[in-house]
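Protein chains: 2
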Amino acid sequence: MKIIVDAMGGDNAPDEVVKGALEAVSKNIEVILTGRGEDILRSIEKMGLKELPRGVEIVNATEVISMDEDPLNAVRNKKDSSLTVALNLLRDDRGDALVSAGSTGAIVSGATFVVKRVRGIRRAALAPLIPNNAGGFILIDCGAYAECTAEYLLQFAFMGSYYAEDALKIDSPRVGLLNNGTEPTKGTPLQLEAYKLLEKAGQDGDLNFIGNVEARSAMLGACDVLVCDGFSGNVFLKSAEGMASLILTELGNMFTKNFVTLLSGMLVKKHLRKIRARLDSDKIGGTMLLGILKPVIKAHGSSNATAISNAIRAAAAAVDTDTAARLQTNISRMKIDEADDNM
Amino acid sequence: MKIIVDAMGGDNAPDEVVKGALEAVSKNIEVILTGRGEDILRSIEKMGLKELPRGVEIVNATEVISMDEDPLNAVRNKKDSSLTVALNLLRDDRGDALVSAGSTGAIVSGATFVVKRVRGIRRAALAPLIPNNAGGFILIDCGAYAECTAEYLLQFAFMGSYYAEDALKIDSPRVGLLNNGTEPTKGTPLQLEAYKLLEKAGQDGDLNFIGNVEARSAMLGACDVLVCDGFSGNVFLKSAEGMASLILTELGNMFTKNFVTLLSGMLVKKHLRKIRARLDSDKIGGTMLLGILKPVIKAHGSSNATAISNAIRAAAAAVDTDTAARLQTNISRMKIDEADDNM
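Keeping their order, the protein sequence lines are chains A and B.
Letter 315 of the first sequence, counting from 1, is numbered 315 in our numbering, and no numbers are missing.
Letter 256 of the second sequence, counting from 1, is numbered 256 in our numbering, and no numbers are missing.
In short, the hints are calculated from the structure, not lab data.
Honestly, I wouldn't trust all of these hints.
Same chains, same label: a pair holds when it works inside one copy or across any pair of copies.
As the list claims (entries may be wrong) - Straight-line alpha carbon distances no greater than 25 Å define the calculated SDA-like cross-link-like pairs of lysine to any residue that follow:
hint, residue 1, residue 2
1, Lys79, Leu89
2, Lys79, Leu272
3, Lys2, Asn60
4, Lys79, Phe259
5, Lys79, Asp93
6, Lys186, Leu272
7, Lys270, Asn208
8, Lys270, Asn253
9, Lys269, Met47
10, Lys169, Thr306
11, Lys50, Ala150
12, Lys269, Phe259
13, Lys274, Thr249
14, Lys335, Thr188
15, Lys50, Glu69
16, Lys78, Gly181
17, Lys186, Arg54
18, Lys46, Ser26
19, Lys257, Leu72
20, Lys186, Met67
21, Lys257, Leu272
Next comes chain A alone, as it looks inside the complex (with noise of 0.2 Å):
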């Protein structure tokens, strides 16, 4: 199996990423690094390796999309970008799935646009897996687009739900869309056309609809696939991990209060560490963009070798379970029109 990999995308880029994907290569794992030649090479000499290794091949892209770039005519016009010619390879059947820490935007439209998304699936969305008092949940549109309609909303819905089979094995996943409260009634006019979307999915035995969920409940474990739409994804994700980050910098200056309190960090120090690995982006490593025909997945915008080389590993075990095929048998469980846009 092979993975592409937008070297030049993401705050530490070139090295992390280039550290990563050595990081990630094995027996079963080969990369492709896209981007300037040079810059990688040197990327590679700074690990102390003489020549480039075994299963990891240089494509090189002269150009880079910087993060405040609009991202479709960036991908559009910088033709030999890292990310345009890893999508082009990716499009060519020269990889099986692609990574990429790069610009949010011009991922989702570079995908869209070059790899193109499964016939039917209105809208790419970002999906990933958000820790709670269980295992996880997927998150369902996080932020690729900020508008959706109601057909959107019940596709995430669907995407999420196979997603969470195939990649978290859970059976018959529980998908609750996000509202300000529980009743059928709560909402905008999209939650509410949402809601009866997904109702009669329910009834129709295709999806396992619990109905609206609070922001709230679903930290705490009331659902396994979230359903929302990118605007709304988005601030849910940031409020969060801004808490977190809160409550955790507030430990971390509880414990160097005086020698007291220093020594009973020391003592719990193995289990800090724990709470915050569970709370980690690197570990998770990677958010799946659903609806594409192959594996894109976008990596944090500051990940370290470790996040990249985890997103590696998450891509290529997207592939093996490719629910972009799952998507394409069941899309007419998903349209309520047969009106089909390209965008």
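Following the hints, position chain B against chain A.
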């Protein structure tokens, strides 16, 4: 000063509400309790008191609005409910402010329908103080209305800013717009339009608008007032609450794992309690409903006596600062057209 308290609202009514109200009574604060007289007297008896303490008045109301009733219909039809009676007393100047831990929807609709909004204010908004790594910030709206227009958001920004100045004593509060990125091009059409209105208010010197703010940075002190529609505000708040609850539970478990961690937990107990307290909604006491002619405070549904007593003190402080009067004076800055809808 006299604060009207809905004695039957909330999960722990009437006992905890009555207890909290009696705790709040002081030289400057008297209370009127509305609800079933017998039940209220029984709660007072349970506290070991033989008669109604000085500064406490009971106004009988035979009905109770439950959490699952349609808010506006409940207020309109249950004319003798503890909340409706309380609202009528407030409108008729029998008291200076109102506190209720009852249904949020009923309080928002009821306050709008009975007490009325400040003329020109399109929608009332719930504005809780959210703890962060600084002194906290005002979130507005956190769920009074799920659907908003850009003009509502502009008005929320003014209301939040005045409130932060009046209640938190912050000079020139930094007002941010909740968005899924900091660039002015981010968000749905609602955020795009609101951004322009807020930018103009900033240029005119009416607001200290600092631009778009992501949920994570807001939690880490990026702004003093975070403006959003009620749906996103609800997601923002509940997601953070869920994460806080998740981590604090994990910490609790950690400290009981074995003798060493138990000891360690005892050593930092005091400090942990401080962190918990800072995140505890009971300590904050209540959420101001801004845009109504007189102060209305929504206490948390699960309020205990301490939370109610804090909410009553917050109500008294709100009477002193009188943000509504300031809104009335400055209303021309907050309107984008002259049509006046009074829902």
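Now the hints, each set against the structure:
For a Cα distance limit of 25 Å, the shortest separation of Lys79 from Leu89 inside one copy, 12 Å, qualifies, whereas the shortest one across copies, 70 Å, does not. For a Cα distance limit of 25 Å, the shortest separation of Lys79 from Leu272 qualifies neither inside one copy, at 46 Å, nor across copies, at 54 Å. Within a single copy, Lys2 and Asn60 get their C-alpha atoms as close as 17 Å, which meets the 25 Å cut-off; across copies the closest is 75 Å, which misses it. For the identical chains of this complex, Lys79 and Phe259 are neighbours neither inside a copy (58 Å) nor across copies (61 Å), given an alpha-carbon limit of 25 Å.
In this assembly of identical chains, Lys79 and Asp93 lie within 25 Å of each other by CA distance solely inside one copy; the values are 18 Å within and 70 Å between copies. Taking the shortest alpha-carbon separations for Lys186 and Leu272, neither the intra-copy value of 38 Å nor the inter-copy value of 36 Å comes in at or below 25 Å. For a Cα distance limit of 25 Å, the shortest separation of Lys270 from Asn208 qualifies neither inside one copy, at 38 Å, nor across copies, at 45 Å. When the C-alpha separation of Lys270 and Asn253 is checked against a cutoff of 25 Å, the pair qualifies both within a copy, at 17 Å, and between copies, at 14 Å.
Taking the shortest Cα distances, Lys269 and Met47 never come within 25 Å of each other, neither inside one copy (30 Å) nor across copies (45 Å). With identical chains, the CA atoms of Lys169 and Thr306 are at most 25 Å apart within one copy only, with a shortest distance of 24 Å there and 46 Å across copies. Within a single copy, Lys50 and Ala150 get their C-alpha atoms no closer than 54 Å, and across copies no closer than 59 Å, so neither meets the 25 Å cut-off. For a Cα distance limit of 25 Å, the shortest separation of Lys269 from Phe259 qualifies both inside one copy, at 15 Å, and across copies, at 15 Å.
Taking the shortest Cα distances, Lys274 and Thr249 sit within 25 Å of each other both inside one copy (15 Å) and across copies (14 Å). When the C-alpha separation of Lys335 and Thr188 is checked against a cutoff of 25 Å, the pair qualifies both within a copy, at 21 Å, and between copies, at 24 Å. Proximity of Lys50 and Glu69 under a CA criterion of 25 Å is satisfied in neither setting, with 35 Å inside one chain copy and 73 Å between copies. For the homomeric pair Lys78 and Gly181, the shortest alpha-carbon distance between copies (23 Å) is at most 25 Å, but the shortest distance inside one copy (45 Å) is not.
For the identical chains of this complex, Lys186 and Arg54 are neighbours neither inside a copy (56 Å) nor across copies (43 Å), given an alpha-carbon limit of 25 Å. Proximity of Lys46 and Ser26 under a CA criterion of 25 Å is satisfied intra-copy only: 21 Å inside one chain copy versus 71 Å between copies. In this assembly of identical chains, Lys257 and Leu72 lie within 25 Å of each other by CA distance neither inside one copy nor across copies; the values are 50 Å within and 51 Å between. In this homomeric assembly, Lys186 and Met67 come within 25 Å of each other (Cα to Cα) only across copies, at 13 Å, whereas the closest approach inside a single copy is 36 Å.
With identical chains, the CA atoms of Lys257 and Leu272 are at most 25 Å apart both within one copy (17 Å) and between copies (12 Å).
Comparing the model with each numbered hint stated earlier shows that hints 2, 4, 6, 7, 9, 11, 15, 17 and 19 do not hold.
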